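> In case you want the letters, here they are:
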Amino acid sequence: MDHLGLWIAGFLTLGIYSFLYRDNPWYKLSESIFIGVSAGYWVVTEFWQNFVGKFWDQKGDDPWLWIGAVLGLMMLMRLFPKIGWISRWPLAFVVGATSGFWMMNYLTTNCMAQVQATIIPLLGLGYEASAVMIFSNIVLVVGTFCGVAYFFFSKAHTGVFGATARVGVWTIMVTFGAMFALTIMNRMSLLIGRTSFIFGEWLGLIR
Amino acid sequence: MRREIPLGITIFVGFLAIVSFFSPPLEGLGEDFTLFFDIIAVFAFFLGGGNLVRLHLTKLLKKKRDWGFSVVTLVGFFFMLAAGLFKIGNPGDISASVTAQGSLFATLYYNVHLPLSSTMYALLAFFVASASYRAFRAKNREATVLLLAAFVILLGSTPFGQLLTNWMPGGIDILEIPNLAVWVMSSPNLAGQRAIMIGIGLGVVSMSLRLILGIERTYLGEDRG
Amino acid sequence: MIASGCTAGAERFGSYLKLATLATFLIPIVGFSAFAQENSVVSADSVAVATVAPVTSLVVEDYRYDDGENLALTWVPSIDDQPVGGKVVGYEIFQITDSGEPEKIADVLPGVSSFLATGLHAGASYRFYVTARAETSSAPSVISAALTPHREWINWGLWNLMLTALVVGGSVMFFIETARRGHELFVRKIAGLEAVDEAIGRATEMGRPILYIPGIQDMDDVQTLASLTILGRVAEHAATYDIRIRMPVSRSLVMTAARETIKAAYQAAGRPDAYNEDMVNYVTDEQFGYVAAVDGIMVRERPATVFLLGAFFAESLILAETGNSVGAIQIAGTARPAQLPFFIAACDFTLIGEELFAASAYLSGEPKSLGSLKGQDVGKGVAMVAIVLGVVAATLYALTGAAWLQAFGDWLVAMFTIAS
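Protein chains in written order, with this note's numbering: chain A, 1 to 207; chain B, 1001 to 1225; chain C, 2001 to 2420.
Wrong hints could be hidden among the right ones.
To be verified - Calculated pairs, DSS-like style, for lysine-lysine (alpha carbon to alpha carbon, straight line, at most 27 Å):
#1 C:K2189 with B:K1139
#2 C:K2263 with C:K2104
#3 B:K1064 with A:K28
#4 C:K2189 with C:K2368
#5 C:K2189 with A:K155
#6 A:K155 with C:K2368
#7 C:K2263 with B:K1062
#8 B:K1059 with C:K2263
#9 B:K1063 with A:K28
#10 B:K1139 with A:K28
#11 C:K2104 with C:K2087
#12 C:K2263 with B:K1064
#13 A:K28 with B:K1059
#14 A:K82 with C:K2263
Said to hold, decoys possible - Reference listing, derived: stretches of chain A covered by chain B, where coverage requires no fewer than 3 residues with Cβ under 8 Å from a Cβ of chain B:
#15 17–28
#16 63–73
#17 89–97
#18 154–163
#19 184–194
Said to hold, decoys possible - Partial selection, computed: residues in chain A whose CB lies under 8 Å from chain C:
#20 Y41
#21 W42
#22 W102
#23 M104
#24 M112
#25 V115
#26 T118
#27 I120
#28 L122
#29 V139
#30 V141
#31 F145
#32 V148
#33 T175
#34 F176
#35 G200
Since the hints were derived computationally from the structure, they do not count as laboratory data. Fair warning: this is a prediction, and the values are worked out from it, not measured in the lab. In this text, a Cβ means the ideal position worked out from N, Cα and C, and glycines have one as well.
So here's chain A without its partners, still in its complex pose (with noise of 0.2 Å):
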């Protein structure tokens, strides 16, 4: 990285990092560089990768794509408020194929093959379950039941089914608990990276 490069971009990241202070007018010139530039890349990015390269490119090969750019076009009517409505028949193209897809993708993934995980034989395979083992698989099962029953919608939460679901909601505060800690320790690594950064690369004083 070249030197101006480098002080470019200890300066620009000394502004983000005075946001933890407060708003203030360093910050705000790092936001507006940063909003400026990465739109800009992001639109020629999109433009060379998908417009050239998915499409352009390939539009000799793959008559097909030509329904895409088609719906692209009809999106840009927009722009006209006498034939605007014509925008919303991509819009309509967008949500209908996205609920279709992943309708089926969720159900297989998320409902399908979590139920078929859960069902275990508690005592372990081949009877040779330890006691700890034993222990886990009960909590897994009866976990997972008590957690889905938790999202019932039907159900007020009272008697027995209330008693189940505080289970269910126990047992996701765990999940909650461990992801939390898990997070943690990833976002301490990336501080470390930044100050090695700034202590390091930058300012010289680690080496």
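Add chains B and C to chain A, keeping to what the hints say.
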């Protein structure tokens, strides 16, 4: 007709997408639709980029608050756009990769875009501290369970956790913090994840059917049906 | 007359000697050749002789449930294909089409006894043979009979997925119809959704805007669609109470859809004049560039209410914490479990996973929408029953060894296993 046709498109395409799962000749539709979406999204960039330019130009021309920063945004945007679309400073010609080393686009990316992005990402470490303080105040039983699970996982990943409980005899070594952390991840955490995922899957099915059947149609600018 | 007798004897000895000499040379030569033949020893013209055994029992079958583009080959490997000391270094697969010219289509490793020929055309005829390869020789198999791959229009291998989709989807549609006919359907209270009215009311009292963040993904993500359906309900309330909506987005398509949604909501609330398309503006596709902009909006405009509904990644924490720091009431929801803990820590109300997708139906209060929630519950009931029955069957089988329990448990697992 201005509303019926889009609704018909949603219904048709939605059912086609579902049927394609079960019909081998239609299996490739998923990839085709993804391609169409990518192309539509590129055209939509004209609208988004145009909106960005119009918004900041308006601020600039009407001298609204912080209009000076709008100048910075517009300059950054057009500079990056020109650098990338015309491949300024690119060692190869217009057919070379836009991110080729030495190009103005790559220089801006590595010296401006990347450091800013990494720094924003690194802010998370600071925010996680304040979030932890709030999460770990354990105001109720659920929060206590969350707190305990997080502590076990955190300690289990450090030598300190090993040090705290390595005196445990062999029979109950599952209670050693590192082992307990592994157990928490593989049993109750997994149970909770599965329950959430099953719920999400069914929620997606229900919402998708509402969209495909036209019960939900707000995105089309429909009146309530 | 000794000479004549000696001559006759000498002649006989000479004959015997010649015979013996001949035998001495012939016997080893003949024996050696026989030995060489039995062991396929290379003769003087060595390359022409096959020294590796070919594969046998080559079977070609139509691959089930495809578009007529695959044929499945299986064979018995060469007897020279041994893990230790084997001669086979690989197999070559050859395909013969109507043109008659063999074309090599693949090389496979030793030990492999099957191959899927792909890229074929339904209705065309194909033949195959497999050649076992050694270091310096090869041996082709018998050419298979001609076979035509067939196109199946329905993948019956996914019968269980079809059944599940019919049960769940059918339940949703059944209860939608039931609700439409006027049957009362009970739906329990969801705290986060009950608070939406209160959150919007707070914005009215404080005279500050509502900030709506629909996540950072595009319209091809179901969470974004869910967020936009909720946006319609929120916008209608906001229009009624004359509250400004501020909605920066990170995707151009989402901007377009959100504008349509809010415009329709304002029309439905009888306030079309109050709609302004600048309520929704595009920022940037860059994840953290968008976050930087939203953070700036939060601290400068200080919204009274923040909705964080949709697909979020690492930026969820920054957004939620910043919103918390400006004193906004925050309602968040996502279907990404990894981000939920941060929303729970920093937001006043959190919609967990499925609740995000149910929110729009819940907020609308419309019978048809509420009916779909009942259908979801049927799916959950099926899952719970399957888990209980399957676990009990598997556990009892482990205890008793009863074959019918194993069969039942296996059937249940097969019901939820998707064939690849």
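> Does each hint fit the structure? Answer for all of them.
Structure-based check of each hint:
1. C:K2189 with B:K1139: Distance of about 22 Å is within 27 Å: holds.
2. C:K2263 with C:K2104: 62 Å, violated
3. B:K1064 with A:K28: Holds. B:K1064 to A:K28 sits at ~15 Å (cutoff 27 Å).
4. C:K2189 with C:K2368: At roughly 18 Å apart (the allowed maximum being 27 Å), C:K2368 and C:K2189 satisfy the hint.
5. C:K2189 with A:K155: Satisfied, since the Cα-Cα distance of roughly 10 Å is no more than 27 Å.
6. A:K155 with C:K2368: 18 Å, holds
7. C:K2263 with B:K1062: Roughly 26 Å separates the two Cα atoms, so the pair holds.
8. B:K1059 with C:K2263: With a Cα-Cα distance of about 24 Å, the restraint between B:K1059 and C:K2263 holds, given a limit of 27 Å.
9. B:K1063 with A:K28: Holds. B:K1063 to A:K28 sits at ~17 Å (cutoff 27 Å).
10. B:K1139 with A:K28: 37 Å, violated
11. C:K2104 with C:K2087: 21 Å, holds
12. C:K2263 with B:K1064: 26 Å, holds
13. A:K28 with B:K1059: Holds. A:K28 to B:K1059 sits at ~15 Å (cutoff 27 Å).
14. A:K82 with C:K2263: 16 Å, holds
15. 17–28: holds (count 4)
16. 63–73: holds (count 8)
17. 89–97: Holds: 9 residues of the region 89–97 of chain A have a Cβ under 8 Å from chain B.
18. 154–163: Since 0 is below three, the answer is violated.
19. 184–194: Coverage by chain B holds here, the residue count being 8 at a Cβ distance below 8 Å.
20. Y41: 7 Å, holds
21. W42: Because about 4 Å separates A:W42 from the closest Cβ in chain C, which is inside the 8 Å limit, the hint holds.
22. W102: Cβ of A:W102 sits 5 Å from chain C, so the hint holds.
23. M104: 7 Å, holds
24. M112: At about 5 Å, which falls below the 8 Å cut-off, the nearest Cβ of chain C leaves the hint on A:M112 intact, so it holds.
25. V115: Holds, because the Cβ-Cβ distance from A:V115 to chain C comes to roughly 5 Å (cut-off 8 Å).
26. T118: 5 Å, holds
27. I120: 6 Å, holds
28. L122: Where the cut-off is 8 Å and the nearest Cβ of chain C is about 4 Å from A:L122, the hint holds.
29. V139: 13 Å, violated
30. V141: 5 Å, holds
31. F145: 6 Å, holds
32. V148: At 5 Å from the nearest chain C Cβ, A:V148 passes the 8 Å test, so the hint holds.
33. T175: Given a least distance of 7 Å, the restraint on A:T175 holds.
34. F176: 4 Å, holds
35. G200: Nearest chain C Cβ about 22 Å off; hint violated.
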